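*Asks:* Sequence:
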Amino acid sequence: MTDFDADSWAARFTLLSDPTRLRLVAEMHAHPGSTVAELAAAIGITENAASQSIRALRDQGWVRSEKVGRMVHYEVVGDAIVHRILHDIIGVGHVSAGHGHDHTHP
Numbered sequence: 001m002t003d004f005d006a007d008s009w010a011a012r013f014t015l016l017s018d019p020t021r022l023r024l025v026a027e028m029h030a031h032p033g034s035t036v037a038e039l040a041a042a043i044g045i046t047e048n049a050a051s052q053s054i055r056a057l058r059d060q061g062w063v064r065s066e067k068v069g070r071m072v073h074y075e076v077v078g079d080a081i082v083h084r085i086l087h088d089i090i091g092v093g094h095v096s097a098g099h100g101h102d103h104t105h106p
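As numbered in the UniProt record's numbering, residues 1 to 106 make up the sequence shown, in order.
Hints were generated in silico from the structure; no laboratory data involved. Since the model is a prediction, treat every value here as computed from it, not as a measurement. Just so you know, nobody snuck in bad clues.
Think about it this way: if two alpha-carbon atoms lie no more than 20 Å apart in a straight line, the pair counts; the simulated SDA-like pairs of lysine to any residue are:
#1 Lys67 / Thr35
#2 Lys67 / Val77
#3 Lys67 / Ala56
#4 Lys67 / His31
#5 Lys67 / Glu38
#6 Lys67 / Pro32
#7 Lys67 / Ser51
#8 Lys67 / Arg55
#9 Lys67 / Glu47
#10 Lys67 / Gly33
#11 Lys67 / Asn48
#12 Lys67 / Ala37
The task is simple: from the sequences and hints, build the whole structure.
*Replies:* In structure tokens, the structure reads:
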């Protein structure tokens, strides 16, 4: 059998198996530094639902937060695996500043 960490991979896929969490990860990846309100509005869910999903993502180390004044901003942790899953497997791209076009990075 190939040597790999099955438990770790299963946990990653379990986390991404929820459509809300997956949408939030993709949105945070495309727009790092977004607030809960911005993320909720972008994917069409309540702020409470976004907060619950973000908490699960943060607890598993996928998301980090930074408090600036009274606002909390969220972004995907700079884990190469997260980026590879988003880009190579799912096909999520980045929005180019000023152009509004979606570009996928290899």
